[in-house]
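Add chain B with the ligands to chain A, keeping to what the hints say.
Protein sequence lines, in the order shown, are assigned to chains A and B. The first sequence begins at 190 in the numbering used here and counts up by one. The second sequence begins at 2 in the numbering used here and counts up by one.
It is possible that part of the hints are untrue.
[Claimed, not checked] Think about it this way: if two alpha-carbon atoms lie no more than 30 Å apart in a straight line, the pair counts; the simulated DSS-like pairs of lysine-lysine are:
1. B:317 <-> B:179
2. B:143 <-> A:231
3. B:132 <-> A:231
[Claimed, not checked] Label-pair distances were calculated between CB atoms; the ranges are:
4. B:273 <-> A:224: 26 to 36 Å
5. B:112 <-> A:224: 20 to 30 Å
6. B:346 <-> A:250: 32 to 42 Å
[Stated by the list, open to error] Some but not every residue of chain A turned toward chain B, in silico, with C-beta under 8 Å:
7. 209
8. 211
9. 221
10. 240
11. 243
FYI, nobody ran anything at the bench for these hints, they're computed from the structure. Think of the CB as a built atom: it goes at the ideal place given N, C-alpha and C, for glycine as much as any other residue.
Residue strings, one per chain:
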Amino acid sequence: MSRRNLHISSSGEVCLSCGACVGICPLDAIYLDEWRITFDEKTCTRCQICLKACPVGAITIGPVSCHHGEGPQPFFPGRA
Amino acid sequence: MPSNISCDVLIVGAGPAGSMTAKWAAKNGAHVIMIEKRQEIGSPVRCGEGISKMWLPNVGITPSDRWINVEVEGARIYSPSEKVFEINERDAGNEVGYVIERDAFDKALAIDAANAGTEIRLKTHAVNVLKENGKVVGVRAKSFGEQYDIHAKVVIGADGFESQVGRWAGISTNLQLKDMDSCLQYRMTNVDSDVRYCDFYLGTVAPGGYVWVFPKGDGVANVGIGVQVSKLKNPAEVKGYLDRWIDHHPGYAKGKKIDMVAGAVSISPPLKQTVADGVMLVGDAARMIDPITGGGISTACQAGKIAGEVAARAVKEGNSSAARLMEYDRGWRVLFEEKQYRNWLAKEKLVDLPDDVFDKVIEVISGVKLEKLNVLNILKAVKLKYPELTREFEKFL
Ligand SMILES: Cc1cc2nc3c(=O)[nH]c(=O)nc-3n(C[C@H](O)[C@H](O)[C@H](O)COP(=O)(O)OP(=O)(O)OC[C@H]3O[C@@H](n4cnc5c(N)ncnc54)[C@H](O)[C@@H]3O)c2cc1C
Ligand code: SF4
Ligand code: SF4
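With the rest of the complex left out, here is chain A (with noise of 0.2 Å):
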C-alpha cells in the first residue's frame, strides 16, 4: 500500500497521535505508527470525516502540492 507522510511545518506541531482520525476513517486510510500519522492518498475519499473526529484540530485540508487526487485533501501534520 502507498503511504505517505504530510508534515505541515508552517502550524507547528497539533497532533497528538491518539488515534481518533485512525479509528474513525471508513476505508482504513491512515494509520499511525507509534507517533506518526501516515494516510494512502489513494484510498482517502476525502470524506473529511477526520477532520471533525480530531479533538485538537491538527488535521486540516488545503490545497497541498503532492496532490494528484480529486479535490481537496487532508493534511496531516507529522511528528517526525
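Below, chain B with the ligands alone, put in the same frame as chain A:
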C-alpha cells in the same frame, strides 16, 4: 532480516485487552506472543483512569497500591444548571470505585501476562494479517525497520480504538459518527477536586457526552471531555469546549495543566461479529465500551479472560475455525451484551436531551431514594413527576 516465527496465540496490542488475553491463554498452556507498537506499555496514557471494582476478582486482578491513586466513595452528576445528584459507589451500579494510574495498571497486567509465560515484543507493529484460503494465520510485523511474519494458530486483535486487525480480517468494525466521542483531557494540578467523588457534568457543556473530573489526590485531577462526533462542526471544537468549561469553573481555571491526552471512544451497540476464521477481536477493537459511561477497561479485561481461555482450548483441539472461536463470542455476550445494547439505546435518547430536561431529571432523582441506580429506575422516578418527559422512553419502562 529477522526470520519468520510462529506461536500458538499471537496478540496484537498490549493494552488491558491484550495482556488479559495473553495471561489467560498462557496460563492454559498456549505458547503466546504479544506485540506492541509502542516502546513502553501503558504510555502515553489515553484514559480518564476511572474504574469500578466489582469485576476485578473475576478476572484475577488484585487491587494494588502500585496503580491505585484514590478510592472514591461515589459519583456526583451535575445538570447544566449544576444541580447535583450524588450517588455512592454501591448504587452507582458499580461504575466508579478507583482512580488509577493507568500506565502502572497496564504494566501490572503485562507483568502478569509475562509471568504466565507470554513473550512480549515491544516496538513491533502489525502491518497486516496473513491469510490462507481466507483464514487468518498470522500477522506481518515490522520492528526496528525490519519486516517479518509471525504465524499463529489464533490471532487476537486487541489493538484498541484505532484497530485495524478486524478490518484486515474482514470484520466490520466501522462506526457511525453518532456512535463515537472525540475526547480531550488535561491532568491538572492545584484544582478543587474532591477526592471522595468522580464528577460528571452533563448537557450542552459537552454535546452528546460529558465533562469529567476524576481526582488523583493532592489537588491533582483528570479534567476531560467527550463530545459526540456527529455534533462537531469545526476543527478543534472539542478543545474549545473543554477550555471553555475550565474557564467557567474557578476551582479549575486556577489550576495548571501538567499533561494532555486525546483519544476517541466508541459509544456504539455491540458488534455483530467478533470472530472470524483464525481471529478474535477483544476490547476497544471489538467496540466493547459502555455507551453511557464511556468506560472500556472492565469489559476489555472480562472479554480478554474469555478470549484467552477459548484460544488456548482451540489450539489444543487443533481447530481455530470461526465456528470454534464462537465460544468466545457467546461468552462475552452473556456477560455484557445486553447492558451495552440497553445503554446504547438510552444514549441515543440522552444525547438529544435539552439542558432544561437534564435539569429536571437531575432535580427529580436527587430528591428521591433510588433502590439501585440504573436507567430503568431513573426513568420510573422521573415518570412520577414529569410523565411527559418519559413518553419517548416507554419501551424501557
Ligand atoms: C480520553 C479517554 C478517556 C477514557 N477514560 C476511561 C475511563 O476513565 N475508564 C475506562 O474504563 N475507560 C476509559 N476509556 C476507555 C479505555 O481507555 C479503553 O476502553 C481501554 O484502553 C481499552 O483497552 P484495550 O486493551 O482494548 O485498548 P488499548 O488500551 O487502546 O490498547 C491497544 C494497544 O494496541 C496497540 N496497538 C494498536 N495498533 C497496533 C498495531 N498495529 N501493532 C501493534 N500494537 C498496536 C496500542 O499501541 C495500544 O497499546 C477512555 C478512553 C479515552 C480515549
Ligand atoms: S478524509 Fe480521507 S483519511 Fe479522512 S476519514 Fe475520509 S477517507 Fe479517511
Ligand atoms: S491527527 Fe488528530 S485525531 Fe489523528 S492522531 Fe493526530 S491528534 Fe489524533
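To see whether the hints hold, each was checked on the structure:
Only pairs whose Cα atoms come within 30 Å are accepted, and residue 317 of chain B paired with residue 179 of chain B is rejected, the gap being roughly 42 Å. Pair hint residue 143 of chain B plus residue 231 of chain A holds up; C-alpha atoms about 22 Å apart against a cutoff of 30 Å. Taking the CA atoms of residue 132 of chain B and residue 231 of chain A, the gap is about 24 Å. The hint holds against a cut of 30 Å. Between residue 273 of chain B and residue 224 of chain A the beta carbon distance is about 33 Å. The supplied range of 26 to 36 Å therefore holds.
A hinted range of 20 to 30 Å for the beta carbons of residue 112 of chain B and residue 224 of chain A is consistent with their spacing of about 25 Å. Judged by the Cβ atoms, the range 32 to 42 Å given for residue 346 of chain B and residue 250 of chain A holds: they are separated by roughly 35 Å. Annotation: residue 209 of chain A was flagged as interfacial toward chain B, and the flag holds, the nearest CB pair being 4 Å apart, inside 8 Å. Checking residue 211 of chain A against chain B: minimum C-beta separation of about 4 Å stays under 8 Å; hint holds.
Annotation: interface hint on residue 221 of chain A holds; nearest CB of chain B at approximately 6 Å, less than 8 Å. A hinted interface residue such as residue 240 of chain A counts as satisfied when its beta carbon comes closer than 8 Å to some beta carbon of chain B; here the least separation is about 6 Å, so the hint holds. With a least beta-carbon distance of about 7 Å to chain B, the hint placing residue 243 of chain A at the interface is held under the 8 Å criterion.
In this structure, the one hint that does not hold is number 1.
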